[in-house]
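Chains as they are written, first to last, in the working numbering: chain X, 1 to 94; chain P, 1 to 94; chain E, 1 to 94; chain W, 1 to 94; chain V, 1 to 94; chain Y, 1 to 94; chain D, 1 to 94.
Treat the hints as calculated values from the structure; they're not laboratory data. Every residue gets a Cβ at the ideal spot worked out from N, C-alpha and C, and that includes glycine. Do not rely on the hints blindly, as some may be mistaken.
[Claimed, not checked] Taking lysine-lysine and the BS3-like style, the derived pairs with C-alpha atoms no more than 25 Å apart in a straight line are:
no., chain 1, residue 1, chain 2, residue 2
1, P, Lys63, X, Lys85
2, E, Lys63, E, Lys75
3, V, Lys52, W, Lys59
4, Y, Lys55, V, Lys59
[Unchecked claim] Over 10 Å on every C-beta distance to chain E, these chain W residues come out as not near it, computed from the model:
no., residue
5, Glu39
6, Ile40
7, Asp50
Listed below, chain by chain, are the residues.
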Amino acid sequence: MNIRPLGDRVVLKKLEAEETTKSGIVLPGAAKEKPQEAEIVAVGPGGVIDGKEIKMEVKVGDKVIISKYSGTEVKYNGEEYTIVKQEDILAIVE
Amino acid sequence: MNIRPLGDRVVLKKLEAEETTKSGIVLPGAAKEKPQEAEIVAVGPGGVIDGKEIKMEVKVGDKVIISKYSGTEVKYNGEEYTIVKQEDILAIVE
Amino acid sequence: MNIRPLGDRVVLKKLEAEETTKSGIVLPGAAKEKPQEAEIVAVGPGGVIDGKEIKMEVKVGDKVIISKYSGTEVKYNGEEYTIVKQEDILAIVE
Amino acid sequence: MNIRPLGDRVVLKKLEAEETTKSGIVLPGAAKEKPQEAEIVAVGPGGVIDGKEIKMEVKVGDKVIISKYSGTEVKYNGEEYTIVKQEDILAIVE
Amino acid sequence: MNIRPLGDRVVLKKLEAEETTKSGIVLPGAAKEKPQEAEIVAVGPGGVIDGKEIKMEVKVGDKVIISKYSGTEVKYNGEEYTIVKQEDILAIVE
Amino acid sequence: MNIRPLGDRVVLKKLEAEETTKSGIVLPGAAKEKPQEAEIVAVGPGGVIDGKEIKMEVKVGDKVIISKYSGTEVKYNGEEYTIVKQEDILAIVE
Amino acid sequence: MNIRPLGDRVVLKKLEAEETTKSGIVLPGAAKEKPQEAEIVAVGPGGVIDGKEIKMEVKVGDKVIISKYSGTEVKYNGEEYTIVKQEDILAIVE
């Protein structure tokens with residue numbers, strides 16, 4: 001991966017969303033309605049951002065949940081990525 | 001529960017709202033009008049968020065009241081959750 | 001009262017407004033136009049909120065005036081309450 | 001006066017505006033266009049408000065000028081008052 | 001002058017604008033399009049405003065330029081004044 | 001020049017924009033679309049502005065680039081000037 | 001290059017975007033939809049900006065990704081540049 005995010009930014013690769021009901025039926029068409037699951041592919045160095053010390057709490061390979069409205073879509077070498085600030089990551093999925 | 005919220009975030013499971021009048025009549029249809037009761041299923045570690053020390057005051061199992069407009073809806077393994085910042089929790093119901 | 005507000009929040013029970021003119025005529029229909037009188041039924045612990053120390057200046061039983069636009073309406077056990085931050089309380093009526 | 005404002009708030013009683021031209025003609029109908037003159041009837045204690053020390057510079061009986069858009073209208077015991085923060089008072093008229 | 005501005009506020013009397021082209025033709029009708037020249041008639045004491053020390057840099061009698069959108073129009077004793085914060089004064093004309 | 005800007009403000013005289021393509025054709029009509037080149041004619045003293053120490057980095061005679069949307073247009077003695085804060089100056093042209 | 005950016009600003013020259021799919025087909029028309037790749041041609045000195053110490057992390061020659069909505073377009077000597085604050089640079093492409 002040769003995109004190196006600056007500051008407290010993180011580069012994500014969105015995961016294909018499969019919507020599964022309790023009874024096991026897959027509803028791929030509903031994927032657009034959901035916040036996004038994504039995998040982290042690059043993590044910025046953190047440091048002093050806007051006058052505040054930011055420590056990076058996530059690492060490459062983490063699967064995370066972000067709001068579907070956060071971040072900037074980037075297309076690089078024919079692949080789509082999303083770049084968000086760490087504070088836009090809601091949770092880590094384990 | 002394998003969603004681990006970051007920072008001062010909290011994962012909630014909304015409780016089915018039953019609207020009961022003083023005389024005991026249940027009005028489920030009115031549920032949409034109300035702020036939401038929810039149960040906490042995961043709590044972030046707190047720490048320094050946006051330059052300010054945040055101590056988590058809530059714990060897993062607490063029943064809380066949130067404004068119906070706060071937080072982000074998340075669907076995970078076929079279940080719906082809401083992720084809010086602790087400051088969006090108005091009160092604990094005991 | 002078993003709603004325990006967090007931080008600098010206060011739970012209020014709104015008082016029935018009676019609008020009385022100087023000559024003593026009661027105008028209940030005009031009540032909607034007025035900021036609200038309310039009685040405090042629960043007070044949060046205060047503490048460090050958003051990086052600032054907040055000391056609670058009000059107590060259960062105080063009658064207060066709030067702007068009619070502030071706070072969140074909550075329905076709990078068939079009763080309606082309003083939850084506001086202490087800073088949204090304009091004055092105490094003695 | 002039994003309304004006790006909190007923090008840096010001040011309770012005002014608006015003065016009847018009389019618009020007088022240089023030649024002495026009174027134009028009461030123009031009163032609505034003007035920022036308001038008011039007399040202070042109660043002053044909060046000041047103190048630390050939103051993390052900043054506020055010292056009250058006005059006192060009961062001061063006649064002041066406020067912008068006509070600032071503050072909250074309050075009706076109490078059949079009288080109308082305006083509650084503003086001290087910073088919304090533009091000037092004292094002596 | 002018996003209007004005493006509070007904090008970092010300044011009372012101004014707007015100067016009649018005369019628009020003069022390079023060739024000396026006076027265009028009074030164009031005055032409305034311009035930021036305003038004004039003369040300072042009263043200056044607040046400065047001090048700690050919103051948690052920051054403000055030192056007053058202007059004095060009574062200074063002719064200044066303000067944006068035409070800043071400040072509050074005040075009519076007092078049949079005269080019109082403008083009350084602005086010192087930071088809304090763009091420059092002193094010497 | 002007898003306009004003395006306050007604080008971190010700078011008085012600019014906009015330069016006539018000539019739009020020249022690579023092949024040398026002048027397109028003056030396109031000038032409106034461009035951020036503005038301007039020459040500094042007066043510089044404020046800097047100092048503590050809004051609680052922060054501002055050091056002036058520009059001087060009279062500097063040619064600078066500003067966004068076309070920043071600053072306030074001023075007409076003084078028949079000449080048009082623009083007053084901006086130093087932070088609205090994007091770059092110095094050397 | 002004789003544009004010297006002030007503070008934490010950076011001057012960029014946008015790179016011609018070529019959109020290439022995985023199979024190698026070039027789609028230049030899609031270029032408008034993408035955040036922009038650009039090369040840095042000048043870097044400001046950093047320092048204390050708006051009360052916060054900013055250290056410049058990028059250098060002339062770096063290829064970077066910015067959001068397509070950030071920065072100010074500048075035309076200088078017939079060439080188009082974009083001036084952004086360093087915080088608007090999302091990532092460095094290596």
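Each hint tested on the structure:
no.	hint	verdict
1	P:Lys63 / X:Lys85	violated (31 Å)
2	E:Lys63 / E:Lys75	holds (20 Å)
3	V:Lys52 / W:Lys59	holds (23 Å)
4	Y:Lys55 / V:Lys59	holds (24 Å)
5	Glu39	holds (17 Å)
6	Ile40	holds (13 Å)
7	Asp50	violated (6 Å)
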